[in-house]
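Colleague: Residue strings, one per chain:
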Amino acid sequence: MRFRVLKDKVAGGVMFSLTALSLLLVVVMGAGLYMKSAPIFDEHGLGELLFSSSWKPMRGEFGFLPFIAGTIWVTVIAVVIAVPISLLTAVFLVEYARPVTRKYVFPALDILAALPSVIYGVWGTLLIVPFISDWLAPRFVDFSTGYTMLAAGIVLGVMILPLLVSLFIEIITSVPGELREASISLGATRWQTTKSVVIRDVRPGLAAAVVLAVSRALGETIAVLMVCGNLPEIPRSLFSACYPIPALIANNYGEMLSLPSYEAALMFAALILFVVVLLFNLISRVILYRVEKNVA
Amino acid sequence: MKHLFPAISLPFEGRRPATAGKVIPLFRPDHKFERGEGESELVVENLNVHIKQQHILKEINLTIPDKKITCVIGPSGCGKSTLLKTFNRLVDSVEGVRVSGRVLLNGEDIVGSGGMEIINLRRKMGLISQKPCPLPMSIFDNVAYGCRVHGIRNWRKLRMIVRHYLEAAGLWEEVKERLNTPATRLSIGQQQRLCLARSLAVEPHFILADEATSALDPISSKTIEELFIKLKQHYSIVMVTHTLRQALRVADHVIFMYLGQVIETGPAEQVFNHPADKLTQKYLSGSFS
Chain H
45 MRFRVLKDKV AGGVMFSLTA LSLLLVVVMG AGLYMKSAPI FDEHGLGELL FSSSWKPMRG
105 EFGFLPFIAG TIWVTVIAVV IAVPISLLTA VFLVEYARPV TRKYVFPALD ILAALPSVIY
165 GVWGTLLIVP FISDWLAPRF VDFSTGYTML AAGIVLGVMI LPLLVSLFIE IITSVPGELR
225 EASISLGATR WQTTKSVVIR DVRPGLAAAV VLAVSRALGE TIAVLMVCGN LPEIPRSLFS
285 ACYPIPALIA NNYGEMLSLP SYEAALMFAA LILFVVVLLF NLISRVILYR VEKNVA
Chain D
5 MKHLFPAISL PFEGRRPATA GKVIPLFRPD HKFERGEGES ELVVENLNVH IKQQHILKEI
65 NLTIPDKKIT CVIGPSGCGK STLLKTFNRL VDSVEGVRVS GRVLLNGEDI VGSGGMEIIN
125 LRRKMGLISQ KPCPLPMSIF DNVAYGCRVH GIRNWRKLRM IVRHYLEAAG LWEEVKERLN
185 TPATRLSIGQ QQRLCLARSL AVEPHFILAD EATSALDPIS SKTIEELFIK LKQHYSIVMV
245 THTLRQALRV ADHVIFMYLG QVIETGPAEQ VFNHPADKLT QKYLSGSFS
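The listed protein sequences correspond, in order, to chains H and D.
Numbering follows the numbering used here, in which position 196 of the first sequence is assigned residue number 240; successive positions increment by one, without gaps.
Numbering follows the numbering used here, in which position 100 of the second sequence is assigned residue number 104; successive positions increment by one, without gaps.
Derived from the structure by calculation, the hints contain no laboratory data.
The reader is advised that the hints may include incorrect statements.
[Stated by the list, open to error] Derived DSS-like pairs (lysine-lysine); straight-line CA-CA distance at most 25 Å:
| no. | chain 1 | residue 1 | chain 2 | residue 2 |
| --- | --- | --- | --- | --- |
| 1 | D | 72 | D | 135 |
| 2 | D | 135 | D | 234 |
| 3 | D | 56 | H | 147 |
| 4 | D | 180 | D | 71 |
| 5 | D | 282 | D | 234 |
| 6 | D | 286 | D | 62 |
| 7 | D | 72 | D | 226 |
| 8 | D | 226 | D | 161 |
| 9 | H | 337 | D | 135 |
| 10 | D | 71 | H | 239 |
| 11 | D | 72 | D | 180 |
| 12 | H | 239 | D | 135 |
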């Protein structure tokens, strides 16, 4: 008799500590990254690290601006490509498509989301890169290898597409049917209803979904690394190479051990990424929290 | 042209427009929603509605009289709401629905219509739902929404229309100071009157009220009832109601439905005082509900 009560208490305690442990992991990771990157602050100021564009590790110059710019640009391109497509897809599936269509499209989206990112990378190298270097770039610039910011943006855009679609679908489905009926019974078409009532009703939710997708896109490494060109320069156009932060870390982690400040610099890059992704996640949570409060 | 209120004083601040005090036709001849003169008549012939395997409406035959309040009464699940939704083709959005038979609006069959015809039909059939459902926008935009959807962009005209119909729904005095606040901040009774104003703003011929007062407090529902009685000079009103007492108060014409069939229909006096059918008698005496 006593034993089952004891077991219950132990089980509760164990589960609580496991949960606490995984939460603690975030803190530990952040602290670890900070401690590892601390040596770089002795040599350079934070402003210099963030806003200098000179990256010469052998001479001890660590300007992260090219990487930060590369990360931001690639993410922006990806979002600009993915958001309209996924929004229209989600609207089609929720508002227009017949249930049969939905039944077949939803699993397909799940498969897209589950593909390993290296496959997207290969696809980008085989299809997008030649497309840009042979067909698109010659129309705008003299020469491009195809390994460009645009290629990275497109591949990344395609990668966040399934995530965005499924988030958008969830959000749009949450609009009560009565709202649609009210609009339609005034003589509005489905498109008018979608545009002025449905989308309008869930704008904050959609924004939160985009922020969440951005934080996913910021951290994507392999696929982007394979097509982005990896040149530590501030990208000048869509057709120049770029070098986002995750690619920097992944490319150099093995060879950095000889230079202590190089290691610190890479850890600092990881710290930037960590903080930014954390922030974006937080922002999306706050928006969603507000939305839920409004609904209630 | 018919007007609820012959003279509209325009809501322009400061300068009084030259037209103030005169009788202003609410809708100019170029207005899209010119209401046809004369009667609007709705006749239902052999209407059958199936949803998936279920036979929801069975061989419905009835006539909705012009400029009267017609109450549809009957126990829950007898198909009252489906009947209303067939009138404005909202039933189309239900999965697996099949409609056969004819519903004639001024002689035109609406069951087989499509595209632009449906849009016009829905404009002519103002639907008030059970739960007030303000659109996620300001009070002004809620009333103007229908007009905007049908292509009226002129701001002056919109203002005129919004004021006119908010007055018609008895809401103007309560909201004129806060037309730009979200409609969801209104009380639930006010919301329902807003929905009424919104439906009226596209100049319907019919008002279809699906238990429009059941979610409201007694005072608000009384206000709505009184509005309906006032509005029936200009509109034909079809009301689905659960409360017999309400039907007694407002109905000119009564349709009693049971399990998807029309059991009895006729002038209110006749149905309430001398019901011909046994089932109607039982229902009215409260044996089932």
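Colleague: A separate judgement is required for each hint: does it hold in the structure or not?
Modeller: Quick rundown of the hints versus the structure:
no.: 1; hint: 72/D / 135/D; result: holds, 24 Å
no.: 2; hint: 135/D / 234/D; result: holds, 22 Å
no.: 3; hint: 56/D / 147/H; result: holds, 18 Å
no.: 4; hint: 180/D / 71/D; result: violated, 30 Å
no.: 5; hint: 282/D / 234/D; result: violated, 34 Å
no.: 6; hint: 286/D / 62/D; result: holds, 21 Å
no.: 7; hint: 72/D / 226/D; result: holds, 18 Å
no.: 8; hint: 226/D / 161/D; result: violated, 31 Å
no.: 9; hint: 337/H / 135/D; result: holds, 21 Å
no.: 10; hint: 71/D / 239/H; result: violated, 35 Å
no.: 11; hint: 72/D / 180/D; result: violated, 31 Å
no.: 12; hint: 239/H / 135/D; result: holds, 23 Å
Violation of the numbered hints given earlier is confined to hints 4, 5, 8, 10, 11; the remaining hints are satisfied by the structure.
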